[in-house]
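Undergrad: Heads up, the sequence shown is in the numbering used here, so the first residue is 1 and it goes up one at a time.
It cannot be assumed that every hint is accurate.
What the hints assert, rightly or not - Once the Cα atoms are required to be at most 27 Å apart in a straight line, the calculated DSS-like pairs of lysine-lysine come out as:
hint: 1; residue 1: K251; residue 2: K121
hint: 2; residue 1: K147; residue 2: K173
hint: 3; residue 1: K226; residue 2: K173
hint: 4; residue 1: K279; residue 2: K85
hint: 5; residue 1: K119; residue 2: K251
hint: 6; residue 1: K9; residue 2: K76
hint: 7; residue 1: K197; residue 2: K173
hint: 8; residue 1: K149; residue 2: K133
hint: 9; residue 1: K173; residue 2: K119
hint: 10; residue 1: K92; residue 2: K301
What the hints assert, rightly or not - Derived CB-CB ranges, DEER-like:
hint: 11; residue 1: K213; residue 2: K9; range: 49 to 59 Å
hint: 12; residue 1: K76; residue 2: V243; range: 24 to 34 Å
hint: 13; residue 1: G256; residue 2: I182; range: 24 to 34 Å
hint: 14; residue 1: T41; residue 2: K213; range: 26 to 36 Å
hint: 15; residue 1: T93; residue 2: K149; range: 49 to 59 Å
hint: 16; residue 1: G249; residue 2: N304; range: 21 to 31 Å
hint: 17; residue 1: D125; residue 2: R89; range: 31 to 41 Å
hint: 18; residue 1: K76; residue 2: K194; range: 38 to 48 Å
No lab work stands behind these hints, which were simulated from the structure alone. Ideal placement from N, C-alpha and C gives every residue a C-beta, glycine not left out.
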Amino acid sequence: MTPKKETAKEYDVIIIGSGPAGLSAAIYASRYNLKTLVLGTTFESMINEAHLVENWPGEKSISGHALLNKFLEHAKHYGAEILEKQVSRVIKTKDGFEVLVENEKFKTKSIILTLGTKKRKLEVDGEEKFIGKGVSYCYTCDANFFKGKDVAVIGGSNSAALAALLLSELCKKVYIIYRQDIMRCEPVFLDKLKKKKNVEIIYKTNPKEIKGKDKVEELILDNNKKLKVDGIFVEIGGAPSSVLIKELGIKTDDSGFILTDERMATNVSGIFAAGDVRKNVLKQAITSSAEGVIAATSVYKYFNELKK
Numbered sequence: 001m002t003p004k005k006e007t008a009k010e011y012d013v014i015i016i017g018s019g020p021a022g023l024s025a026a027i028y029a030s031r032y033n034l035k036t037l038v039l040g041t042t043f044e045s046m047i048n049e050a051h052l053v054e055n056w057p058g059e060k061s062i063s064g065h066a067l068l069n070k071f072l073e074h075a076k077h078y079g080a081e082i083l084e085k086q087v088s089r090v091i092k093t094k095d096g097f098e099v100l101v102e103n104e105k106f107k108t109k110s111i112i113l114t115l116g117t118k119k120r121k122l123e124v125d126g127e128e129k130f131i132g133k134g135v136s137y138c139y140t141c142d143a144n145f146f147k148g149k150d151v152a153v154i155g156g157s158n159s160a161a162l163a164a165l166l167l168s169e170l171c172k173k174v175y176i177i178y179r180q181d182i183m184r185c186e187p188v189f190l191d192k193l194k195k196k197k198n199v200e201i202i203y204k205t206n207p208k209e210i211k212g213k214d215k216v217e218e219l220i221l222d223n224n225k226k227l228k229v230d231g232i233f234v235e236i237g238g239a240p241s242s243v244l245i246k247e248l249g250i251k252t253d254d255s256g257f258i259l260t261d262e263r264m265a266t267n268v269s270g271i272f273a274a275g276d277v278r279k280n281v282l283k284q285a286i287t288s289s290a291e292g293v294i295a296a297t298s299v300y301k302y303f304n305e306l307k308k
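All chains, full assembly: derive it from the sequences and hints.
TA: This is the structure we're talking about:
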């Protein structure tokens, strides 16, 4: 007897990525009565790492994790389905798309890519050797391992400033290494850093090499200065994950960020993009959320056009 072929579950829209852009899109898509599925692990969202968010309207101070949980509950409230699994492949079909997740397959007429970005690496000697042995890309995950020790934070963005502020409460000394002559974080963060007696900002400098025996012991800078540190926290921004984007033939800029029009539509019919994965001028949770809303609205209009 021939086994019964399992039918793939169908959705009006599948959102790949569960950060602020993806979950905001899910809230709006669900309110448009679109059958909505969100795929992706929320713990990988950049905002999940932020121990302090002070610029979200209506929340004077909240952790990124707590804010993301509010997004999740809001999306679920309006009927969005959330599956915390990674997408392995997306296949274009004659009437839409097939999305493969482990041993499951889903069908959809439209997709919103809200993949976010992955942490950039320094690409210096010793970095790979000491990952997990003093080199970290998640300050909220690893800060407690360095209580009473000396550490360095690489970068000048909001995330770098937040990392340094948290570490300053735990560590003996915190160095901030930044390649430009002024931090590009919000002034309010810089003001807080300047008040910290155990924080030292070293401008116009780059890391050159990481040294140690079994763990990080020394950071060599390109001005030949040597810092005795136990930990190095890398906060130099992110780059988009390119596999799905390339497989689908989606156009990007030279850095791999997705190009869209003002409706968040890509060059591939039925695929939209929002948030940090998209080429935009500001990578913040609030702008990502706004783009997610625009993408969901565009999907709603696209879906109605298909019905005609």
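Undergrad: Each hint should be assessed against the structure and marked as holding or not.
TA: Now for the hints, and whether the structure bears them out:
1. K251 <-> K121: holds (24 Å)
2. K147 <-> K173: holds (10 Å)
3. K226 <-> K173: holds (15 Å)
4. K279 <-> K85: holds (25 Å)
5. K119 <-> K251: holds (22 Å)
6. K9 <-> K76: holds (18 Å)
7. K197 <-> K173: holds (9 Å)
8. K149 <-> K133: Given that 27 Å is the threshold and the Cα spacing comes to 14 Å, the pair holds.
9. K173 <-> K119: Distance of about 24 Å is within 27 Å: holds.
10. K92 <-> K301: holds (20 Å)
11. K213 <-> K9: 49 to 59 Å: Holds, at about 53 Å.
12. K76 <-> V243: 24 to 34 Å: Given range 24 to 34 Å: holds, Cβ gap about 28 Å.
13. G256 <-> I182: 24 to 34 Å: Roughly 27 Å apart at Cβ, these two residues keep to the hinted range, so it holds.
14. T41 <-> K213: 26 to 36 Å: holds (35 Å)
15. T93 <-> K149: 49 to 59 Å: holds (54 Å)
16. G249 <-> N304: 21 to 31 Å: 25 Å Cβ-Cβ, so the 21 to 31 Å window holds.
17. D125 <-> R89: 31 to 41 Å: With Cβ atoms ~36 Å apart, the hint holds.
18. K76 <-> K194: 38 to 48 Å: holds (42 Å)
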